[in-house]
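S.K.: Based on the provided sequences and hints, a complete structural model is requested.
Just so you know, the protein sequences line up as chains B and C, in that order.
The first sequence lines up with residues 1 to 424 when you count with this note's numbering.
The second sequence lines up with residues 1001 to 1984 when you count with this note's numbering.
Keep in mind that the hints were calculated from the coordinates and are not lab data.
Some hints here could point you the wrong way.
[Unchecked claim] Straight line, CA to CA, 16 Å or less: simulated EDC-like cross-link-like pairs of lysine to aspartate or glutamate:
hint : chain 1 : residue 1 : chain 2 : residue 2
1    : C       : K1121     : C       : D1104
2    : B       : K160      : C       : E1151
3    : B       : K151      : B       : D285
4    : C       : K1165     : C       : D1087
5    : B       : K160      : C       : E1211
6    : C       : K1819     : C       : D1723
[Said to hold, decoys possible] Selected chain B positions facing chain C (in silico; Cβ < 7 Å):
hint : residue
7    : E113
8    : A117
9    : L157
10   : K160
11   : A162
12   : S163
13   : E167
14   : V170
15   : I178
We put the beta carbon where it would ideally sit given N, CA and C, even for glycine.
Here are the chains, one letter per residue:
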Amino acid sequence: MKKRCFILLLTLTSALFLTSCNGNHNKSQDKNSLTIMGRKSDMEKSYMTSIFEQYETATGNKLEIIEFDDSEFEVDASKKFADGDAPDIFMHFNNADLNRFDVSDNFYYLNNENWVADLTNSSKAYCQDKEGNLLGLPFWESSVSGCFYNKTLLDSLGLKPASTQAEFDVLCQVLADIGYTPICWPADGCTWMFQFGLDPIFADDPSLLEKLNKNEVNYSDIPAVTNMVQWVSDAADKGWFGSDYLENGWSDISMIMGSGKAVMTFIWDTWFYTDFEKGNKYTVDDFALMPAFMNTADSGTYEGGNLNMMMVNKNSKKLDMALEFLSFCASSENYNIAFDGISTVSCFKGQTTNIQSSMVTNAGASIAKNERVSTAASKIIGYSADDVSAAFDRLFNKKTDVAGCVSLMDDYRIKEAKKQGVAF
Amino acid sequence: MSRNKGVTIKKWFGKLLPLFTICIVGVVAIIIGIFYFNFISEKIYKDSTDHLGEIYGQVNRSFGAFVERNWGLLKSWDNNLKSSNKDEVSDFIAKEQDYWGFSDFYYISNNKTCITQNGTKVNMVLEGAWDSLAQRKEPIMAGETLASGQEITVFAVPVQHGKYKGFDYDAIAISYTNKDMANSLNVDAFSGEAKCFVIHNDGNVLLSTQEGGNIFGNYLTYLRAASDLDEESLKKLNNDWISGNSGLLQCEIGGVSHCILYQPVGYLDYFLLSAVPQSAVSAGFLSVQKATMNVLFVIFLLVSVSVIALIALRSHKQSRKNQIELQYREQMFDVLSNSVDDIFIMLDSENKSVDYISPNLERLLGIKVKEARENIRVMEKCAINFNVVIPANELESIPLNENRFWECEYMHQTTGERRWYRMTIYHMSIQGFKKYIVVMSDRTQEQQMNQKLQEALTAAKSANDAKSNFLSNMSHDIRTPMNAIVGFSVLLDKDADNTEKVREYTHKIMASSHHLLSLINDVLDMSKIESGKTSLNVDRFSLPELLEELNIILMPQAKAKNQSFTIHVQGAPPEQMIGDKLRLNQILINLLSNAIKYTPNGGRIEFLVSELPTAPHHQYVKLRFTVKDNGIGMSKEFQEQIFAPFSREVSSLTNKIQGTGLGMAITKNLVDLMGGIIQVESRLGEGSTFTVELSFTLPEKEESDSWYRQKITRMLVADDEEDVCLNIKEMMRDTGVDVSYVTDGSAAVETAIRAHRNGDDFHVILLDWKMPGLDGVETARRIREQVGENVPILVLTSYDWSEIETEARQAGINAFMPKPFFVSTLWQTIKPLFSDYTEQKDNVNEASESVMDGKLFLIAEDNELNAEILTEMLSMEGAKCELAVNGQEAVDMFKKSEPGYYDIILMDVQMPVLNGYDATKQIRASDHPEASTIPIVAMTANTFAEDVRNALDSGMNGHLGKPIDMDAVRELVGRLISDNKNES
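M.R.: Rendered as structure tokens:
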């Protein structure tokens, strides 16, 4: 407690000092204020408001929050930048939409900031550009997505979790042979699963992603994509998804997994704290995490969370103040206060007050080895989980074949990209 | 009943025997097949498991050898390791690794630390084996998961304490990845479906040959969850493992039968466990079994097909035979039903559709079988007295195995023939199907016979009634004149001296006698006709003569009642024809007499003769005789029975008129006998019209040139009725005489005078008597005054000209002709007007006047009274008589007589000793010179035509009926004697 008080005092003192020294960075009308722009819903997160309050309280500076409705955010924010009215701090996910903001010209690379070492590998990796430049400070709740399995049930069957794709396939077949649904795969509305399979393809080969985003290749040109689609198709045909997966949706996952009807599902850890209903035969303690296998990575894959980053306007007159604000946020004292009690995977190594599931903790070594940054959903231009799901829906309903499904994925992707104004 | 049941069971048994046979053979084959299959399966299972045991025994031994080899290698390397420097050791291990294929080499210390050959520290647990290695100094084999997640199997042996790169070690080890280990355990047999595990006796899996990697943690747990083994079996299994026993069990995993074979490896409670799908184990054997079963199945199939084919063939033959029999029966039934008048129908009980209908339906009722088959109700239109032929509700009411019957009359749709049927409907069950069998038995003959019997009964009753009536009528009708005869005879005897009374009584007795005679004649005539003994005496006759005779007979009767009686001839009927003149005369006299009789005084009777059209060139003529009066007429009821015997209408008018009531019956019978028709139309109080139509054969045509030869070529006719003139002109066409006519007397005079002045007199002038203006007599007088005496003038009249005959002859009229006009009558009339004829006529008259006088008659008569009467009557004519009392006596008397002694013989027929016919034959056969020429006349009460014929056939020359009519005797005798004289 004493240590915390000391650090807070030191921080406030430093802030006052810096403020007095770098007044030219601030707007003339309010030298002690920073503008921070982001989605309205993002800005209203408890840990965000907490860190803002901490900052203002500790430094006496003011944070001017510029919020846009979620639906209008990309357009309105990019207009601000175009009009020369860019904020000091800009919050954005490191996804394809970030390209609207001319990253290299507008944002300050944070590679050399002191807090960088405190970032977990996955959060750091998420916030880097393809050249490895750190674009922002990850300050967000996050999760790990992978294959969550009913460990209690699996143990009772004398079976072990898979560590390879081959073992996973064997495991699925053995479970299917003895009457269990190996994978809970609700086809109706569960659109996220496909990106787990795509992540290794593009995360492991960024050049492939670049070619795809430049429209130099299509999914159909990438055998791994076809392999993944083929695997999903085969799994469905072999009954690994159960007999009624086409009728099942998001709301059914809890019952299916909780009842032990299905043994495994591809989801994220925080789902067990937000959507897994109590009263089932099996509780969250019965589950464990292993990599997701979709025939694109032999050892499987985990998808890291999508993180909102605080980026600094390199052209801001209050660049130092903004950097100091990031340092304030990256302080373990401060972020542990902000994330206290929040169920999330840690972005910082010193993050201790957040709630992290034992499933993730126990799978730490495997996650560390096989986790990949969420690439497909965030980095592929024109990627739409709904579109991919729609293509697979036709595949599941035998309205198209594997090649047709891949072709549809391409068509939807390109259409969406064009809709976003990308010149393919 | 029981016998029928037995027969039915036998029949069913016969039909089902093939099916039973097939079933029994099939069941036996299936049982044998099941036993064989089980035997083979058990055998195969045993062989398969033995095979499995052998294979995995080898695997186990190989694995044991592999373990021993690894341990042996490690032990053998220990000295080298200790005696070599680091580099040499590294080279050595590298060479050995290349050679033996292990994944790594380890140095292990007793404090559970471990380094690799390159000095990297490795965290090795060696769970469960550490104590053996470190404390008991035993070689071990243990599973291990490296930090990288890789699963390896470690083989270690304790060695003398050593040091490598500063690391103190007490054991050395090598490891193999589990994947490599699994490869060493893998068995190519069983189609790659076999899984081999090295497990600890607690079930934990050390390694497995599972393709893709081992996902099994504890196989005992897996079996508990995935197999059908119960807890007891699992416990036994676990005990086996703990006890180090080998074993084999069979269970289902995921619904697939598996063979689980376990054998202890022989070290640290490890077992080699193999799980192979039963199908894979027995695959080879199963293929043999499958082939065997296939062969057996094919054989069974062939045998079954053959048996079924044989049965089907037999069944087909039987069915064919049955069909042929059925066809025969149907044909026989069709023929039978065609030859009888019974109709057979079979109806379905449910829908009333026709299953069968006998083909004689069309013949008997005029309904086509096809139509009846389509709708049985078409028969309703044939039914006369039965609205619904087969009433549905009646059918429904017939209980099973019972019957109902109806009777009904049908009419043939084409011919209208009526038939009676007794329709019996049986409700039966045939082969489980409920049917109605309708048998329509023809009862027509029976019905007709009944009707005839009824009619006969009625007729008999009627005849009996008629007989009673007849006797009653006869009693009355005979007694009435007899009463008069007897009564007046008494009075005659009493008043014999009173000439006036005698004449009066005699007349009345004669009148009654004539009535009685006519009554007897009618009765006999009727009796004769009805008994069928009447035959026609067909001969050539003259129609004009017939009409003249009728006129002569009936005119006086009509005149007596002051009635108008006229005879008309319409058209130009032939004058000569062939027929029974006597009977025709009888018919017409009956009709005309009745007309006169039942027409009041001053009434009118018309007799019309007309020729009806016939086909051209036919040698017969059809005449219609119409008798019309304006008399009392008849009621409608009486008209219906007028031709019945003894039928007389009873009324105040008819009661006063005598009659037998037989006249019209006789007339009707005679018309029928002559093939004609008779009709009557009458209205009470207005008169009656009788029409008789008869046909007569025409004789060969005679030459008509006699007119020309007599130089008669022109004739003048005068009649106020032009139709009469035209009729005469038409009738005279064939004679070649040119007929001119005028319609009044003045014109006749003028025409005759003009012709005379022209020197071209008419050869005959024919005048109607009663013409307006100048009548026939006056016209004749004026013509005679101008043309002289050479032209014959005749008067044609339908009236009695006797009153004016003297005046007419004075006026110059040569002769009278009765109407209607006939050519032959004209010829007969004018012929005497020529000289040669006049002489002839005078001769005849002389002959007739002297024929009876002085002639000797031989009379054969057994009845003394009749003989006396006849003798007296002939004496009155101046004749003499000799009497024979029987035929024989007559024959004898004739034979003894001199030729020319007797002039004629009157022969009774029915006589004692010798009847008249035989007597005549004997006379004719005798040698008397006059045997063949002496006239013999029958004189008998037998007056029928055949009596006449019999008389003539026996050789007689004529026939006279009793009582004797002296006019008839005079006429006949005169003619015969004259003829006899001429011939002689």
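S.K.: None of the hints should be skipped; say for each whether it holds.
M.R.: Cross-check of the supplied hints:
Of the supplied pair hints, the one linking C/K1121 and C/D1104 holds, its CA atoms being roughly 12 Å apart against a limit of 16 Å. Restraint check: the Cα-Cα separation between B/K160 and C/E1151 comes to about 13 Å, which is no more than 16 Å; the hinted pair holds. In summary, the hint linking B/K151 to B/D285 is supported, as the alpha carbons are separated by about 9 Å, within the 16 Å threshold. Taking the CA atoms of C/K1165 and C/D1087, the gap is about 11 Å. The hint holds against a cut of 16 Å.
Distance check on the hinted pair: B/K160 and C/E1211 sit about 15 Å apart at the alpha-carbon level, within 16 Å; holds. Restraint check for C/K1819 and C/D1723: the C-alpha separation of about 13 Å stays at or below 16 Å, so the hint holds. Hint on B/E113 is violated. Least Cβ distance to chain C is approximately 33 Å, over the 7 Å limit. The interface hint given for B/A117 is violated, since its Cβ lies 24 Å from the closest Cβ of chain C, which is over the 7 Å cut-off.
Hint status for B/L157: holds, given a least beta-carbon distance of 4 Å to chain C, under 7 Å. Here the hint on B/K160 is kept, as its CB sits about 4 Å from the closest CB of chain C, short of 7 Å. The interface hint given for B/A162 holds, since its Cβ lies 6 Å from the closest Cβ of chain C, which is under the 7 Å cut-off. A cut of 7 Å between beta carbons decides the hint on B/S163: the least distance to chain C is about 5 Å, and the hint holds.
Interface hint status for B/E167: upheld, as the beta-carbon distance to the closest one in chain C is roughly 4 Å, under 7 Å. About 4 Å separates the beta-carbon of B/V170 from the nearest beta-carbon of chain C, less than 7 Å, and the hint is met. At its closest, the beta carbon of B/I178 sits 4 Å from a beta carbon of chain C; the interface hint therefore holds under the 7 Å criterion.
The structure fails to meet hints 7 and 8 from the earlier list, while all remaining hints are met.
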